[in-house]
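In case you want the letters, here they are:
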Amino acid sequence: AQKVTQAQTEISVVEKEDVTLDCVYETRDTTYYLFWYKQPPSGELVFLIRRNSFDEQNEISGRYSWNFQKSTSSFNFTITASQVVDSAVYFCALSEGRDDKIIFGKGTRLHILP
Amino acid sequence: DSGVTQTPKHLITATGQRVTLRCSPRSGDLSVYWYQQSLDQGLQFLIQYYNGEERAKGNILERFSAQQFPDLHSELNLSSLELGDSALYFCASSAGRISGNTIYFGEGSWLTVV
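For the record, the sequence lines run as chains C and D.
If you're matching positions, the first sequence starts at 1 in my numbering and goes up one per residue.
If you're matching positions, the second sequence starts at 115 in my numbering and goes up one per residue.
Rather than coming from a laboratory, the hints here were simulated on the basis of the structure.
Computed from a predicted structure; not experimentally measured.
We treat Cβ as the ideally placed atom computed from N, Cα and C, and that holds for glycine.
Certain hints may be false.
[To be verified] Dumping the calculated EDC-like pairs for lysine to aspartate or glutamate here, alpha-carbon to alpha-carbon at most 16 Å:
(1) C/K38 <-> C/E56
(2) C/K106 <-> D/D115
(3) C/K70 <-> C/D29
(4) D/K123 <-> C/E56
(5) C/K106 <-> C/D29
(6) C/K70 <-> C/D86
(7) D/K123 <-> D/E196
(8) C/K38 <-> D/E168
(9) D/K171 <-> C/D55
(10) C/K38 <-> D/E176
(11) C/K3 <-> C/D99
(12) C/K106 <-> C/E26
[Said to hold, decoys possible] Here are the in silico distance ranges between beta carbons for each label pair:
(13) C/G97 <-> D/N191: 38 to 48 Å
(14) C/V46 <-> D/P122: 14 to 24 Å
(15) C/E17 <-> D/E176: 40 to 50 Å
(16) C/K16 <-> D/A170: 19 to 29 Å
(17) D/G198 <-> C/P40: 20 to 30 Å
(18) C/P40 <-> D/S200: 37 to 47 Å
(19) C/K16 <-> D/G117: 11 to 21 Å
(20) C/P40 <-> D/T121: 33 to 43 Å
(21) C/N67 <-> D/N191: 18 to 28 Å
(22) C/V46 <-> D/R132: 38 to 48 Å
(23) D/D185 <-> C/K16: 25 to 35 Å
(24) C/V46 <-> D/T121: 38 to 48 Å
(25) D/G156 <-> C/E15: 25 to 35 Å
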């Protein structure tokens, strides 16, 4: 069965520090898709990134970067030079190749302190 | 703005009542998903429809039902409401049937059962 674990329930860092959010997943499929979503205090869920299981290249988008490692079943998310606006709950999610429902981890609540 | 529209945004109702949540997917999207977000259960997948047909079912209670209409909008019906049904209900949509689609979420409908 598919499962996503975000062991960090809550993290607080001071503005401009780098922070990494951990995500470990479980799946029996060889084809799967990983996602990160952001939920700011206003409540909406915002898509950040999608990665398929055949593409282990790391990705950088501005201050955001993602490290996908199949060997450790991890898909970690790093925010560089964090800003107060990055404060949100971040969800890692997994979709298996057999269907496209997405299963979410419990989320990591990130506080960026000014 | 994800392009997914949900109504109502907020709803307060009494135990035992029935409510209907409405969702319009992004233009061109054929799949609609419903998720429930509560404090204790996190983001739970309820059900998915593709082009009017049920495609996947998650942890949806028997008191809950959904459907997708020919114009692709969807409704989630919640009946015999209990206090524990208070949650944020998300609708999401994606392009189609193939696996691994990115799903885009609406702003959610906050349901409070009193």
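Here is how each hint holds up against the structure:
1. Under the criterion of a C-alpha separation no larger than 16 Å, the hint pairing C/K38 with C/E56 is inconsistent with the structure, at around 22 Å.
2. At roughly 24 Å between alpha-carbon atoms, C/K106 and D/D115 are farther apart than 16 Å, so this suggested pair is violated.
3. With a C-alpha separation of about 12 Å, the suggested pair C/K70 and C/D29 falls inside the 16 Å cut-off, and the hint holds.
4. About 39 Å separates the Cα atoms of D/K123 and C/E56, which puts this hinted pair outside 16 Å; it is violated.
5. With a C-alpha separation of about 21 Å, the suggested pair C/K106 and C/D29 falls outside the 16 Å cut-off, and the hint is violated.
6. Between C/K70 and C/D86 the alpha-carbon distance is near 27 Å, which puts this suggested pair outside the 16 Å criterion.
7. A C-alpha spacing of about 19 Å is found between D/K123 and D/E196, which places the hinted pair above 16 Å, so the restraint is violated.
8. A threshold of 16 Å between alpha carbons decides the hint, and for C/K38 with D/E168 the separation of about 27 Å lies outside it, so the pair is violated.
9. Between the alpha carbons of D/K171 and C/D55 the distance comes to roughly 29 Å, so the proposed pair goes past 16 Å and is violated.
10. A C-alpha spacing of about 30 Å is found between C/K38 and D/E176, which places the hinted pair above 16 Å, so the restraint is violated.
11. A threshold of 16 Å between alpha carbons decides the hint, and for C/K3 with C/D99 the separation of about 15 Å falls inside it, so the pair holds.
12. The hinted pair formed by C/K106 and C/E26 meets the criterion: a straight-line CA distance of about 14 Å does not exceed 16 Å.
13. The supplied range of 38 to 48 Å is broken by C/G97 and D/N191, whose beta-carbon atoms lie about 31 Å from each other.
14. In this structure the hint that C/V46 and D/P122 lie 14 to 24 Å apart at CB holds, the actual value being about 21 Å.
15. As the Cβ distance of C/E17 to D/E176 is approximately 48 Å, the hint placing it in 40 to 50 Å holds.
16. Remark: the range hint 19 to 29 Å for C/K16 to D/A170 is contradicted by a beta-carbon distance near 42 Å.
17. A C-beta distance of roughly 26 Å is found between D/G198 and C/P40, which places it inside the suggested range of 20 to 30 Å.
18. Between C/P40 and D/S200 the beta carbons are some 21 Å apart, a value that contradicts the proposed interval 37 to 47 Å.
19. Taken as a hint, the range 11 to 21 Å is violated for the pair C/K16 and D/G117, whose Cβ atoms sit roughly 34 Å apart.
20. Look at C/P40 against D/T121: about 21 Å separates their beta carbons, and that is not inside 33 to 43 Å.
21. Checking the proposed 18 to 28 Å range against C/N67 and D/N191 shows it is violated: the Cβ atoms sit about 42 Å from each other.
22. Distance hint for C/V46 and D/R132: a CB-CB separation of about 31 Å, inconsistent with the stated range 38 to 48 Å.
23. Take D/D185 and C/K16: their Cβ atoms lie about 49 Å apart, and the range 25 to 35 Å is violated.
24. At about 20 Å, the CB distance of C/V46 to D/T121 disagrees with the hint of 38 to 48 Å.
25. At roughly 28 Å, the beta-carbon separation of D/G156 and C/E15 lies within the given 25 to 35 Å, and the hint holds.
Checked against the numbered hints given earlier, the structure breaks hints 1, 2, 4, 5, 6, 7, 8, 9, 10, 13, 16, 18, 19, 20, 21, 22, 23 and 24 and satisfies all the rest.
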